[in-house]
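Chains as they are written, first to last, in my numbering: chain A, 1 to 194; chain B, 195 to 388.
The set of hints was computed from the structure by calculation and includes no laboratory data. Each residue gets a CB set at the ideal place from its N, CA and C atoms; glycine is no exception. Heads up, some of the hints might be wrong.
[Claimed, not checked] Pairwise CB distance ranges (calculated):
#, chain 1, residue 1, chain 2, residue 2, range
1, B, K382, A, E19, 28 to 38 Å
2, A, E92, B, Y238, 46 to 56 Å
3, B, D326, A, Q65, 23 to 33 Å
4, B, D350, A, A26, 36 to 46 Å
5, A, G73, B, T216, 41 to 51 Å
[What the hints assert, rightly or not] Just a sample of chain B residues kept apart from chain A, beta carbon distances all over 12 Å, derived:
#, residue
6, E244
7, I266
8, K316
Listed below, chain by chain, are the residues.
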Amino acid sequence: MLEVRVRKKFVAVEEIFHEGGPVSPAPLRRAAALAVIHNPFAGSYVAEIAGFMNDLKPLGLEMAQSLISALGGDPKFVQGYGKGAIVGAAGEIEHGALWHVPGGYAMREILGDAKAIVASTKKVGGPGTRLDVPITHINASYVRSHFDAMEVGLADAPRADEILLALVMTTGARVHARVGGLKASEIKGEDGLR
Amino acid sequence: MKANIRKIATFVEETRNEMGRTVDPPTRRAAAVAVIENPCAGKYVEDLSELIAIGEELGELLTLRAVAALGIPATAVESYGKAAAVGENGEIEHAAAILHPKLGAPVRKVLGKGAALIPSSKKRGGLGVGLDVPLGHKDAAFVRSHFDGIEVRINDAPRANEIMVAVAVTDSGRPLARVGGLTKDQIKGEDGLR
Chain A
1 MLEVRVRKKF VAVEEIFHEG GPVSPAPLRR AAALAVIHNP FAGSYVAEIA GFMNDLKPLG
61 LEMAQSLISA LGGDPKFVQG YGKGAIVGAA GEIEHGALWH VPGGYAMREI LGDAKAIVAS
121 TKKVGGPGTR LDVPITHINA SYVRSHFDAM EVGLADAPRA DEILLALVMT TGARVHARVG
181 GLKASEIKGE DGLR
Chain B
195 MKANIRKIAT FVEETRNEMG RTVDPPTRRA AAVAVIENPC AGKYVEDLSE LIAIGEELGE
255 LLTLRAVAAL GIPATAVESY GKAAAVGENG EIEHAAAILH PKLGAPVRKV LGKGAALIPS
315 SKKRGGLGVG LDVPLGHKDA AFVRSHFDGI EVRINDAPRA NEIMVAVAVT DSGRPLARVG
375 GLTKDQIKGE DGLR
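Chain B with its partners taken away, still in its complex shape:
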């Protein structure tokens, strides 16, 4: 393992009722978050390939953890997202190095598919910062019922020299989704958009 992982957290949320209406089947989503040492903290580092490599291994590890937490076959995942929060001694570019060049391929390998862009967010923050991981359908970014987000938060992370890296997956869209748009049964799945 290239990453020095201090802790891994998983979160599973199941919504059964909204505004007095039963959500049937309940909507379920999960996130897995690794808290790692930032090898580039505290100084300007031109070449971020170490973080890029860490992103690749975390892509697989965190997707496996999140899917396991959800307790469904990886192929049953409907939407996904990724995000990173860099501690105060790091740069936002460190989050970009982890998230964008190589994290996505292993995510898609675990899930079997994933034609759509993996929506992402990043920020710099202190311990306990809330990280909103955006969610979108994995095969067609325009599926409106699956535009969503899940907040993750760990009270003791990220420390100044750490990075929190998150991957989130779901087995469903929003509870009681009803604002129209492309639906999941209309997906063509060719271009990742529709």
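Next up, chain A with everything else stripped away, as it sits in the complex:
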């Protein structure tokens, strides 16, 4: 059991009314929760790291809950999600992979029975590095209107011995979605894909 040392937390919310077209009657809301934690494996190769995934679960739940709050307080508002990590210079990309299980678990736990895989991305980078966190529909990965991404980052993170963890949720489709494909209203909801 390793201590999860949080240096800072950050929540960003965007409310999008239009993008040059008709103003949406229900603005799209997108939120990102970030946590900057100490990387307990920074500086050397550590073979056994998987146990840290369990240690991260409470933080994941806290971040997922903060997203629900930022989007209006009800998990029912959430239609899209994604996750990501930026590992500081003294860490390795594999440390970012530690976030897959606790980050995904946390959002599914809070959202109930979300069926689709949580889209994700990760990289190694310095303070100020930006990460485009991919977003897909929570119940069917192929819903084209909900393919989106949210750019996140912090000017002072991650330092070399830190990891920046990110979770993202959205309340709907892109604001002027109109390129066809599977619609949210057509989801079968059996396999997480369609």
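Keeping the supplied structure of chain A fixed, place chain B upon it in accordance with the hints.
Chain B alone, transformed into the frame defined by chain A:
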């Protein structure tokens, strides 16, 4: 609403630890940013009263959003700041029109007080430009522990014909502030300076 708002973003940052030291209570700050159409873009406009009026309504809207994001009573706000980034088809004077004549009064009305000058910054830039919003104590500009700044950034703004307008508030000064000067418990609150 006079302003044509494309999106509103809010950011909340909570610092819990700095250089291995716990920050207790954590320092918290928030910014609200509106991305609006610049009605004066692309041409020289002598009379900027339309932007001045937009500044007034954004002063109230963004202060309410930032305080709500921070989740504290408006009267508990300790420091504040404002800033604007004008897209490439606008002038720096457009930022001045929004920020300086009328934006401040509604900010102070929401907060209940605000004897000090609201520190400000402005720039012209392209999409994703980082905007550093200066922060100072709302009742006494010389409170040294509260000299600070918060960077805001939206990857798709400002477009050429847009302006990003930001208001930032905090419930605290810097984490682990220790460079002396006037402290908040020494504020007289008469002249906005000390």
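Now for the hints, and whether the structure bears them out:
At about 49 Å, the CB distance of B:K382 to A:E19 disagrees with the hint of 28 to 38 Å. One distance hint, 46 to 56 Å for the beta-carbon pair A:E92 and B:Y238, holds here, with the actual separation near 54 Å. Distance hint check: the CB atoms of B:D326 and A:Q65 are about 30 Å apart, consistent with the given range 23 to 33 Å. In this structure the supplied range 36 to 46 Å is violated for B:D350 paired with A:A26, their Cβ-Cβ distance being about 20 Å.
For the pair A:G73 and B:T216, the supplied restraint of 41 to 51 Å is violated, since their beta-carbon distance comes to about 29 Å. Distance check on B:E244: its Cβ is at least 19 Å (rounded) from any Cβ of chain A, clearing the 12 Å threshold; non-interface status holds. In this structure B:I266 is separated from chain A by more than 12 Å, as the shortest Cβ-Cβ distance comes to about 14 Å. Every Cβ of chain A is farther than 12 Å from the Cβ of B:K316; the closest lies at roughly 19 Å, confirming the non-interface assignment.
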